[in-house]
Every structure is written in structure tokens, then in C-alpha cells.
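S.K.: So you can see what is in the structure, the chains are spelled out below.
2 protein chains.
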Amino acid sequence: MLNPTLVEQLRQIVGAAHYRDDREALVTHSYDGTPMLQALPDGVVYPANTEQVAAIMKLLAAHRVPVITRGSGSNLCGGTVPLQGGVVMVTHRMNRMLEIDLENLTATVQPGMITAEFISHVESLGLFYPPDPSSMRISTIGGNIAECSGGLRGLKYGTTKDYVLGLEAVLANGEIIRTGGKLMKDVAGYDLTKLLVGSEGTLAIVTEATLKLVPPPKTKKTMLAMYRDLYGAARTVSKIIESRIIPATLEFMDNPTIRVVDDFAKLGLPHDMEAILLIEQDGEPETVERDIALIRSICEAESADRIEVAADREEAEKLLTARRSAFTALARLRPTTILEDATVPRSKIADMVLRINEIAKKHNVAIATFGHAGDGNLHPTATTDARDPEEIHRVEQAFEDIFEAAIALGGTITGEHGVGVVKAPYLEWKVGAAGMEIMRGIKQAFDPDNLLNPGKVFAKETRKRVVIDRG
Amino acid sequence: MLNPTLVEQLRQIVGAAHYRDDREALVTHSYDGTPMLQALPDGVVYPANTEQVAAIMKLLAAHRVPVITRGSGSNLCGGTVPLQGGVVMVTHRMNRMLEIDLENLTATVQPGMITAEFISHVESLGLFYPPDPSSMRISTIGGNIAECSGGLRGLKYGTTKDYVLGLEAVLANGEIIRTGGKLMKDVAGYDLTKLLVGSEGTLAIVTEATLKLVPPPKTKKTMLAMYRDLYGAARTVSKIIESRIIPATLEFMDNPTIRVVDDFAKLGLPHDMEAILLIEQDGEPETVERDIALIRSICEAESADRIEVAADREEAEKLLTARRSAFTALARLRPTTILEDATVPRSKIADMVLRINEIAKKHNVAIATFGHAGDGNLHPTATTDARDPEEIHRVEQAFEDIFEAAIALGGTITGEHGVGVVKAPYLEWKVGAAGMEIMRGIKQAFDPDNLLNPGKVFAKETRKRVVIDRG
Numbered sequence: 001m002l003n004p005t006l007v008e009q010l011r012q013i014v015g016a017a018h019y020r021d022d023r024e025a026l027v028t029h030s031y032d033g034t035p036m037l038q039a040l041p042d043g044v045v046y047p048a049n050t051e052q053v054a055a056i057m058k059l060l061a062a063h064r065v066p067v068i069t070r071g072s073g074s075n076l077c078g079g080t081v082p083l084q085g086g087v088v089m090v091t092h093r094m095n096r097m098l099e100i101d102l103e104n105l106t107a108t109v110q111p112g113m114i115t116a117e118f119i120s121h122v123e124s125l126g127l128f129y130p131p132d133p134s135s136m137r138i139s140t141i142g143g144n145i146a147e148c149s150g151g152l153r154g155l156k157y158g159t160t161k162d163y164v165l166g167l168e169a170v171l172a173n174g175e176i177i178r179t180g181g182k183l184m185k186d187v188a189g190y191d192l193t194k195l196l197v198g199s200e201g202t203l204a205i206v207t208e209a210t211l212k213l214v215p216p217p218k219t220k221k222t223m224l225a226m227y228r229d230l231y232g233a234a235r236t237v238s239k240i241i242e243s244r245i246i247p248a249t250l251e252f253m254d255n256p257t258i259r260v261v262d263d264f265a266k267l268g269l270p271h272d273m274e275a276i277l278l279i280e281q282d283g284e285p286e287t288v289e290r291d292i293a294l295i296r297s298i299c300e301a302e303s304a305d306r307i308e309v310a311a312d313r314e315e316a317e318k319l320l321t322a323r324r325s326a327f328t329a330l331a332r333l334r335p336t337t338i339l340e341d342a343t344v345p346r347s348k349i350a351d352m353v354l355r356i357n358e359i360a361k362k363h364n365v366a367i368a369t370f371g372h373a374g375d376g377n378l379h380p381t382a383t384t385d386a387r388d389p390e391e392i393h394r395v396e397q398a399f400e401d402i403f404e405a406a407i408a409l410g411g412t413i414t415g416e417h418g419v420g421v422v423k424a425p426y427l428e429w430k431v432g433a434a435g436m437e438i439m440r441g442i443k444q445a446f447d448p449d450n451l452l453n454p455g456k457v458f459a460k461e462t463r464k465r466v467v468i469d470r471g
Numbered sequence: 001m002l003n004p005t006l007v008e009q010l011r012q013i014v015g016a017a018h019y020r021d022d023r024e025a026l027v028t029h030s031y032d033g034t035p036m037l038q039a040l041p042d043g044v045v046y047p048a049n050t051e052q053v054a055a056i057m058k059l060l061a062a063h064r065v066p067v068i069t070r071g072s073g074s075n076l077c078g079g080t081v082p083l084q085g086g087v088v089m090v091t092h093r094m095n096r097m098l099e100i101d102l103e104n105l106t107a108t109v110q111p112g113m114i115t116a117e118f119i120s121h122v123e124s125l126g127l128f129y130p131p132d133p134s135s136m137r138i139s140t141i142g143g144n145i146a147e148c149s150g151g152l153r154g155l156k157y158g159t160t161k162d163y164v165l166g167l168e169a170v171l172a173n174g175e176i177i178r179t180g181g182k183l184m185k186d187v188a189g190y191d192l193t194k195l196l197v198g199s200e201g202t203l204a205i206v207t208e209a210t211l212k213l214v215p216p217p218k219t220k221k222t223m224l225a226m227y228r229d230l231y232g233a234a235r236t237v238s239k240i241i242e243s244r245i246i247p248a249t250l251e252f253m254d255n256p257t258i259r260v261v262d263d264f265a266k267l268g269l270p271h272d273m274e275a276i277l278l279i280e281q282d283g284e285p286e287t288v289e290r291d292i293a294l295i296r297s298i299c300e301a302e303s304a305d306r307i308e309v310a311a312d313r314e315e316a317e318k319l320l321t322a323r324r325s326a327f328t329a330l331a332r333l334r335p336t337t338i339l340e341d342a343t344v345p346r347s348k349i350a351d352m353v354l355r356i357n358e359i360a361k362k363h364n365v366a367i368a369t370f371g372h373a374g375d376g377n378l379h380p381t382a383t384t385d386a387r388d389p390e391e392i393h394r395v396e397q398a399f400e401d402i403f404e405a406a407i408a409l410g411g412t413i414t415g416e417h418g419v420g421v422v423k424a425p426y427l428e429w430k431v432g433a434a435g436m437e438i439m440r441g442i443k444q445a446f447d448p449d450n451l452l453n454p455g456k457v458f459a460k461e462t463r464k465r466v467v468i469d470r471g
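Taken in order, these protein sequences are the chains called A and G. Quick note on numbering: the first sequence equals residues 1 to 471 in full-length UniProt numbering. Quick note on numbering: the second sequence equals residues 1 to 471 in full-length UniProt numbering.
By construction, these hints were calculated from the structure, which means they are not laboratory data. You may find that some hints are simply not true.
What the hints assert, rightly or not - Derived lysine-lysine pairs resembling BS3-like cross-links, with alpha carbons at most 27 Å apart: (1) G:318 / A:212; (2) A:239 / G:212; (3) A:218 / G:318; (4) A:218 / A:58; (5) A:218 / G:220; (6) A:212 / G:220; (7) G:212 / A:218; (8) G:220 / G:318; (9) G:239 / A:212.
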């Protein structure tokens, strides 16, 4: 429960209609896209501008009340669940495109703008903003910045981090900072812009972002390659890159995913394939034709059993459906779907998929794997039932093994979903005790009273790393 | 003077030959590429590997002795001058290429490797590492990482930051951390990799770097466009980008630079031009031809007085000579050459060049400007004489005005040279008091005893920003 005077002051800052603490508002903001996590906030506030955010922060800091900044809550790491209560600050009213600068190829936006709306506005002007997280139809630009969202185009174009040039942000004490600018080069001090991207709302509240836009590719071509041999698919991925081709998209689905997707979307996919690669190249027409022809010959050399190249956009959309429906198809199987994003160097994809399958078998859980093969960012996805604690325990054990396997292969516990609360116990496995200590020091520098999204990134307890019987 | 026991221990760590405190070694490491700055260290140490660096740091931390990490000392911000004495740690013995991974397109190198040697090795394998600072023939990869070096290809390909995927670094207390990896996506905690890049040796000592390589462009074409109208040149820059073309290189020289370069290199450049643009495009042959034709038509529409497109690599080299000899030609004029790198949004280049000319006139100093027009990164260069304190004072006043003008135009005090000691008094102008406070907190988290390159980035005194008579 918040102090009634504080509540009154919050209402004065944002207007009575924009602070809520009714049951419906609290429950709606007690969870996000992450399964099996819920905690009620004490209030929900909807600021209209930076000044309101700053005033709110000054007030909450004086009362030592935690604040959880939230876009659409589509994250998958529990990043916006108010674990320690406090106020959820929703950015939806700050959803305007402030400027598109055609001379400098930048866009300046408020954090609450929906990613897909931003992208389609940018595209209507003949420009291109590559980060395309699967949640883009509901996610916000601010949420993408908080999580450093990736997507299907990450291999060729990078992730959100590569497109954030400057930020305005409110600190825990209510002060406003500005980092970077419409500048392709800026080395004035430590790079606070890149530090804030991916900091999951634990360091500052982003209130405005200047994003880099790029010229759009002129054309795009899409193909599928299907393999009975998992290693053939993995070798194809490496061979494409080794041939000095960076495709726009290079996605992977394993056999369990193929079967579920086909049952769901009736695409006529062969159920006996161990892997399907979805490959897209974009750019100048001549380059695209040449690259796709070369990729096709690599697929053939690596014994792909079937190759389909889309003749037009309509056929391409059909091929894309296979990959796009993966999560939805898997989510139909059981009541609870847990999607992870263990990531490895791209040369280790086949090893990782095999390890995932062994681990699933060992713990007797159902895990299907799909993801971004080109950048080694896999999504092992468990279909389970949150009402069965014994099974959930086995799923958790399996993911623990998966994180460990990813790190053993030179990878990481999260490629694009973030640490949040779900992966906090494993973060030390990746960054080490000294790395954790440095990160705690950075948190301290920004937020000495631990008011910004407390309980995220830093776990109360780190999981012990045990020697696991590889059986 | 260092404690003799400490010196003995340093000798034991690296071997007697690899610690020096003779006069020659101290003087050689008392200055770097920056004019008018000198301070003697107490000793110079040449570690052979990470373990030695860690042991040295444990020892120096116990004795509270500052350490200044140094590659070739080619930086231009006083970044490696041992202002507070201490030990200069030279990375030259740690100069090996540890691995080129063709499957993941990464290179893992030690920090002391010379940039140009790294690049030519990479190119001999048919790959490409774009960052190309002008100092690349002497600079080291570690120095490039410390300063986040840019170069002529920054516009299209980005700077050092965009190519560092992972680091091994030794902390002030001698602990070793590893950040990132051979991973295109990694959001496990705060991005320490990008934070260390450009941190100028003030946060940690980089002992190993994993760098991203990319497929090389198939071909390249070079052209010069000359203008009597400065704004015509500036509009050309903006129009090229607005036309959705990102050239590989888009360089600028103003009239004073053109004249000096021509006197030096006898290129037959017309002395009455206000600006020359050097433009290069690379990529697939068809794309390059199309882009260069379109760029040519933009130059013509913006009233370029003369356009030269190189027919072959030999002609291209001749055109490149004009830009490449700018610094050398200017350096011949007077005993002291001060090269700055005020940076503005690219749409503001003409405004900035005119402001620089006004400022030079006001303070009665000679400043020629050239630089990377495509990314707004200008190099106003003062030719002066360090032996004349009155003139040097006027030059300093002029640069103070230039930094202020850059910030007023939405720019920054340094695009690629770093803050070091030279620009430390101005850093607060760009990042604000709250930004400085956060940066101090970050420094504290990494280096609580202020042993790593002390006196850099953070100035003892910040210059007051005064209202200047624009006369």
C-alpha cells in the first residue's frame, strides 16, 4: 500500500485519470509475457511526458518506492513483473514519433510507440529500421531498447543496440540525462547510450530515443532447405557464411518443431526431416539472384533433401509461415509454453541442438528447438503444464542444463530475451563473479537505492554450478 | 620514484629485460601523438601475456601505483601521457593473432597487434575489417579499442565499437574478466564490451579481443567533386544520403586545406574552390556503377565545378592522395599542428565549417578543416607554434569556441579521438553534470582507487561555459 499523500501527489503530476490502483489495473500489470510469474504492484501510473516522468521519479525516490517501467509487457524474462511491489510506470501515453530527419537518416521517438507502427511509418517514407522482434506487433520501442531486442534480421543488420544513436533518460533521482545524438561518431566519455540499451529498466527510464535508419533493400528472395541430416543443415549455415554471404535471414527449425508446425498450419512439410532452414537474402536484384543461386548450390552440396525457392512474394509468405507459426503451433500443444534463447557461436548450432535433445530426454520433457541459426540464437521451447510442479521442476532442471551447455560451447544464457528474473540466477555462469561485481557497481552508480526494477538482473541467489552426469 | 622492492617484483614478473626505468625509456614514454603534453613515468613494463598483466596489476594496486596502458601512443588526446607518473604498460609484446575463425567470421587478437598488419592479414584471407584510423600503420588494435577509433570508412561500416564482440580484460585489482564472445547476440547483463570500448584505459586493461569480420566488397570506385560554393558541397552530402545511398567514403576538404595540399602534393587542384568532396563507393560492381552515376548527377545538380571519376585503381590512388596528404601538408606549415575532431550531425557540416572560419578569424589563428563529411566528423586543424604562448592561448580559445559551436549544432566535442586530458575540461558541456556524475560512478565501480590512467576523461576543473560575443 502506498502512502495516501504520495498517491495524491502522483495524481497531481499526471492527472487523476492517469494514476490507477483499482484491482483491475493492479492485476493487469502483475504479469508479463513470461509464464508462471505474477506479483501485484501498488499502483500504475501513465505519464504524458519527460517532465512528468522526472517529477514522478523525484517523488518515488523521496519515498523509496520501487518503479517498474513497462511498455506492452511482452518480454519473456519476467522483466516487467513488479516482484517487490511499487509503481508500474506505463509508457503508452508517450507514444509519439517526434521527428524523422531525412538528411541525417534518424528518427526520434517516444518509448511507448509500438514497434510495428514505427517500422511501417518509417517504411512509408522509403526507409528501413531492421530490428524485428517477433513481438513487434505489440512491443514498444522503449521495451525493445530495454531488452536490446533482436529478431529475424539480426544476422545481417544487427539488433536494437546497433540502431540507438542517442537517448534521453530519467535517472532514479529524477534528473534527466541526454546521451549521444544524431551522430554516427561520438566518443565523448563512456558510452552511456549502449550501456542503457539492454539494461532492462534497472539503470534509468528511457523517455526519448534517436534511432538510426538505413536505406531499404531493393528486393528480397526467400527459400526453404530441408535436411534428413542435422549436421548437413548446420554445415550449410557455416558454409554460407564462409562463402562471404551474409543472408538477411537464416532461420532453423528442428524435427519436433517441423511436425508441430505442419500439424498446425498444414503446409505439407515432410515429417521425417531433421531440420529445415528458412533463408532470405535482400539487396540489389543482381546480388540477391547470385547469392540465392550460390546458397542453393551449398544446400545441394550438403545433401539437402528438398529445396524450395519462392517465385514471388506470395510463395515467399507461404514459406515464411512455417517459421512464423512455430511458437503459436507449439503453444497449442500444452497449457504452458516456455521459450528460451540460449545462444552459441553459429558454428556450434548442430552440437547445441543435439545437446538440447539429450537434455530433454534425460529430464523427460518435451523441447522443440527453432531460432536464428545465422547468429546462433536458438529458441529451445518447452511445452509443459504450470499446474504440475513435478514436471515444471524437470523443465527447470532441463533449462539449467541447456544454459550450462550453451556456455560450455562458448555461448550465452540469453541472446535477445534479457536476464530479468528468470535468468538472473544463471548470469554469473556467463559473466563470472568479477563481472557480477562490476555490474553491481554500475547499478549502484545509477540507482544507489535500488528503486529501478529491483530484483531484476541481480539474483538473490546464484545457482550453484554442479558437475552434471552427461550419461 | 618507485619502491625498489616493487621494481624487483615487476622484474620478476616480466623478466629483467622487460622492465625499464632508464632515462631513454622514461622520456620515450613521456608523450604521445598529442602536441604540447609531456610527463615522465616512473617505469615502463612490457608484459608478455594476460597472467603477467594480472600479476602486475595486483602488485601495482597493492602499492597504489598508477598504470597507463599504451599501444603505440599515436592518440591525439593525451590519452597515454603519464600525467601522474606511475608505470606505463606497453602492449607491444602481446601482439599475436590468436585465431581467425572462418566459420564464425571472427578474429581473436592480442592488443599490441598493429592495426594495418591485422587488416592485411585479414584481407589475405579474403575477409574485411573496416575500421581504418589514419594512424593504422602504427596504431595497435588495443589502442583502437581504447579510443574507439573511427576512420574513413565509418559512414558505411561504423567504427571500432561495431566490430568488438568480446574482450578479455584485467581489472584494477588484477582480476580477469571476459565479456561477450563469438556471439552476434548476447544480452546477458550490462554490455561491458561496448562500455570498455572507448574507455581510454580508465576502466580495465584489454588483454585480448574477439573482433567481427565481414565479407569484403567486390569492387570500389573513387571520385572527386569540387565546389566554389561550400553549401553546394554540404547539400551534396545530405542529398546523397537522402537518395538512400551510403557511400563507403565521403570526405571533405575546405579551401585552406585544398591550397596547402596542392602546394605540397602538386596535384593541380584549383585553388579557388571552397570545398572538395572525395567520394568512394564499394560493393557489387553493378551497384557501385549505379551509385557513382547517381552521385555524379547529384554533384552536378548542386553545381559542382569539376568532377573527376577515377577510371582505375591508379587514378583512384591519385585522387585519394589529396585527402590522405591533408594532415602531412598542414603539418609542414608551422612547427605545431593541433588536429581536433569536433563532430556534428551531417546536415550541419556547412554551418560548422563557416562557424570554424569565423572563430579562426575572431581569434586570429590559422585553421584548416577537412574530415569525414558523411558522418559529420570534421578535423579543424590549427597550424601554430608551441613556443609562442600568446598564440597558443588564442588557439585554445578558438578550439573552446569550436567545441561550443559543435554542441550548439547538436554535435559533440570528439568524434573519434577521445577525451583524454585535452578534452576533459569540456566533457561536461556535452554530457551534463548528471552525465558526469554517472560516469564518475562507473569509474568508481571499475577502479575505486583511481589507478587506471588517472587524470584522463575526468578533469580537475571543468571550463566554465561563458556567453561569447558572436561579433
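S.K.: Compare the distance between the alpha carbons of residue 220 of chain G and residue 318 of chain G with 27 Å, and conclude whether the hinted pair is satisfied.
M.R.: holds (14 Å)
S.K.: Straight-line Cα separation of residue 212 of chain A and residue 220 of chain G no greater than 27 Å?
M.R.: With Cα atoms ~25 Å apart, residue 212 of chain A and residue 220 of chain G stay inside 27 Å; holds.
S.K.: Taking only the CA atoms, is the gap from residue 218 of chain A to residue 318 of chain G under or equal to 27 Å?
M.R.: violated (33 Å)
S.K.: Would you mind confirming whether the straight-line C-alpha gap from residue 218 of chain A to residue 220 of chain G stays at or under 27 Å?
M.R.: holds (20 Å)
S.K.: For the pair we were handed, residue 239 of chain A and residue 212 of chain G, check the Cα-Cα distance against 27 Å.
M.R.: holds (17 Å)
S.K.: Just to be careful, I want the Cα atoms of residue 239 of chain G and residue 212 of chain A compared with a cutoff of 27 Å; is the pair within it?
M.R.: This hinted pair holds, its Cα atoms lying about 17 Å apart.
S.K.: Check whether the Cα positions of residue 218 of chain A and residue 58 of chain A lie no farther apart than 27 Å.
M.R.: violated (48 Å)
S.K.: Is the hinted pair residue 318 of chain G and residue 212 of chain A satisfied, with a Cα-Cα distance of at most 27 Å?
M.R.: Not satisfied, since the Cα-Cα distance of roughly 34 Å exceeds 27 Å.
S.K.: Under the criterion that the straight-line Cα-Cα distance not exceed 27 Å, is the pair residue 212 of chain G, residue 218 of chain A satisfied?
M.R.: Within the cut-off at roughly 26 Å; holds.
The structure fails hints 1, 3 and 4 (numbered hints given earlier, in ascending order).
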